[in-house]
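The listed protein sequences correspond, in order, to chains A and B.
So for the first sequence, this note's numbering puts the first residue at 1; every next one is plus one.
So for the second sequence, this note's numbering puts the first residue at 364; every next one is plus one.
Treat the hints with care, as some may be off.
Stated by the list, open to error - Calculated lysine to aspartate or glutamate pairs in the DMTMM-like style (CA-CA distance at most 25 Å, straight line):
#, chain 1, residue 1, chain 2, residue 2
1, A, Lys210, B, Glu632
2, B, Lys621, A, Glu206
3, A, Lys28, B, Glu632
Claimed, not checked - Residues of chain B placed beyond 12 Å of chain A at every Cβ, according to the derived structure:
#, residue
4, Ile489
5, Glu545
6, Glu719
7, Gly733
Just so you know, these hints were derived from the structure itself, not from any lab.
Even for Gly, the Cβ is constructed at its ideal location relative to N, Cα and C.
Spelled out, the chains give:
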Amino acid sequence: MSFDDILLNIISRLDGERYKHAAFHLMKGKRSGQTLQDTEYYRLHPFFGMLPSLHSNDFDLAYRRLLSSGLIAEEEDKTVFLTTAGKTRAASIGPVRLNGWVYRGMEQLFFARLALTVQTVSHLSAGDRTFMPVTTDPVVQREVRHLFATILRGRTPEDIALEVRNGLEATGLGDDRLSRFVSRLTGKGMSGLTWRQLSELTSMPEMDLKVEWVETLHIWLDGIAERPTPLLSALSQGVRAESPLTGSAKKTEELYRAGLSMEEISQQRNLKMSTIEDHFVEIAINDQKFPLHKFTETENVEAVRNEAGRLATRKLSVLKRSFPGLSYFQLRLILARLGKEDGDDGHDNAGKSEQPAQTGHRI
Amino acid sequence: MDMTMRESLNSLLKQVTGFDEFREGQEEVIHSVISGHDTIAVLPTGAGKSLCYQLPVHALGGTVLIVSPLLSLMEDQVAQLKMKGEKRVAALNSFLTPKERAEVLANLGRYRYLFTSPEMLVQPYISGRIKQLRLAYIVADEAHCISQWGFDFRPDYLRMREWLGTLEDRPPVLALTATASEKAIRDIADYLLMEQPQMFIHPPDRPNIAMEIVNLENREEKTEWILENLSRWKGPGIIYVQSRKRAEELSDLLRSRKVRTAAFHAGMENEDRILVQHQFLNGELEWICATNAFGMGINKSDIRWIIHDHLPSSAAQYIQEVGRAGRDGGQSLATLLYSRGDADTAVFIAVDDLPEPETVRFIGRCMAEGMDIVEVGERAGLSETALRVVSYWLERLGTEKAATQMGWLAEAKRKEIISMVHFAEGSGCIRSRALGLFGYSPATRPAQCCSECGIDHARILTGRTSEGNTPGLHGWRERINSLFGV
Ligand SMILES: [Zn+2]
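For reference, chain A alone in the conformation it holds in the complex (with noise of 0.2 Å):
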């Protein structure tokens, strides 16, 4: 997917409601609220971060080219929206496979590490003890070390090469973009491609190639935390932010963040959709941002909130019975908002349970 396309996909997701430089923060992964909330709201995880380096020089032309296309318009107070073109051009575009909320940039760590692995197998194996490393980082060049004088000790090139060649044939990514992603690595007599050589070699743009790496890194990733491999994994130690949430949950939370449904997640994982509901519901406890508003109405949550109030009660079958449109995994997703907002403000929680007593409708 190429950098153009990318953009175009974020703005039709902000739906009209927001300036250009939003997109710009999204992608350099700012932590800042409005950044976190758009993120949240529109649900813009999948490009969080996507590329921590962005230069506004290449941002803005991508966005003039979208303009000058047509395919995206301003209105006089310069929110950006897509036009009947941009439209159709979206729909066209295939999946988006980046995971930046998970990976915020440290995808580019697990490269460091990986190219500076390969580089000294590449150097040692032609017998070539001292060679600049491709990597001036003395914290990753430490790590590296490390993985030598433990878990790479004993194996022989032939064994890690095979690792590495198995790992990236599971992405399913086709040939010529591997090629390309590996163009990038260093080794004895062989150095890697600068980005302007492989746009030269390629008829690519660069942006277009560092997106594509980017997703590329976030796809084996992905792969790598399903089925570990030895070298693999531990080359990937500490690149995924960490979360309160339980394994399984994680993932269920991970692919939501990715763009999918519940029925979705369901089919891909093969899990039963009851299982992805309690998944759910312990995202909606443990996230302070989750977005309620997309399960149910606003006005729901704010009765519940006083019924459940009212009659002192969480339990799901008595408050169903007072909401009968409503399903039991609604109403479990308010509920579940509901105590930690008990717990985050213990003075409103107070006078709201003094309520029920006073009217004696207890149950």
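For this one, chain A is given, so just place chain B with the ligand on it according to the hints.
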């Protein structure tokens, strides 16, 4: 030096390195350090500087403290010593994790070579621990960086002076550098509190590098000249240019003529810069078009040709860049492309980065009002380096004197460029003119001396034959297999 001394130095050399003979200039420096003198050694690049600080400690015992202003260079030297099998070596710098740092500090007395940075040195705890060591001598590496007159001035390095001042029984200090003007040498002796230092100053003369100045009208003529000559003769070589834009422009043009070239400048991603260095070392690239960001720490011995597309801002910088050619001793060439407009550009760029006295006063006022230094720098529009320089002098001299100091500095830079203009526009042997910038004259005149004495390109460079095709992308499985050598 008497015969017994000479013999014992030679056997020390043999025992430690396995070599039979010193290279020119090394023996005197090592002797001076062993005899306990403060020593300044100016040795041309490629003369084997590191042996000068590595050998004496084997005769003296104890620990050598090597203070280095460039972290990457430090890491490089540590790695090289380790590669030679030296186990008693450590670097104490900001890259260490707390655990590693604790480990180095716990074993401090066991190291033969202890590398550190000036910033570390002034931290009270570390300073205290180092003072307890039996220091054989202290080395100031890349000592020209301590001189504010040098193009590489690192204000942090001046902290070393403060630290040296706190030592009660100071061991001898060895200052090492490849290029330093007289003024810089005086600074080094002064800032490192040296007492009657022994000086071993070797003229930066490299007889295997022929020198050439080509007078051209303007940038377009320079471009034509480069394209024509690089189509005729082979590198490997470096073209030093003034700007990023020029680096990109020239490398694009050269690539379109099938000369394997890449640009190198600070605007590129760090990863890409490293890849370009690798390709150049490997011979995958023939030419680099670089701003002066290129060259530090790069160890390619067979560079045949250095071309300057612009007038360097100082003699020391020019000689250092030229000195990257012919480290293997092979015949090489240094070409300066000069046009009359270059002087103005050079002055503008060199002085542009220096704050005016007025700016210094402004910064002084802001800082007195308690404003954040970084914010002040942004308001005044200073580069990070310039800001460090100014804040260092403000702290020590107060606003007025610091402003005066900046005025002098700008004046000195202008003078350096004017002397480069005289060099470029003068007449007579270019090698003599270049050495004259440092107050020397050449000891010998090589057969391929300079374009004034007469040189024959065919005897210096290799003609270009047909160029091989640029390879396409490999299949990814094949590439992985060849990377792993399987
Ligand atoms: Zn001459």
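Notebook entry, point to check: Checking the smallest CB distance to chain A, is Ile489/B really beyond 12 Å?
Noted result: The assertion about Ile489/B holds, with a minimum of 18 Å to chain A.
Item checked: Claimed clearance of chain A by Glu719/B, with the beta carbon kept past 12 Å -> holds (30 Å)
Margin query: What's the verdict on Lys621/B and Glu206/A, does the C-alpha distance respect the 25 Å limit or exceed it?
Written below: It holds: about 21 Å lies between the C-alpha atoms, which stays within 25 Å.
Checklist line | Pair hint Lys210/A and Glu632/B, alpha-carbon separation not exceeding 25 Å | finding: holds (12 Å)
Margin query: Lys28/A and Glu632/B were given as a pair; does the straight-line alpha-carbon distance stay at or below 25 Å?
Written below: holds (16 Å)
Item checked: Outside-interface status for Glu545/B - nearest CB in chain A farther than 12 Å -> holds (35 Å)
Margin query: Just want to verify: Gly733/B was marked as not at the interface with chain A; is every Cβ pair farther apart than 12 Å?
Written below: holds (27 Å)
In this structure, every one of the numbered hints holds.
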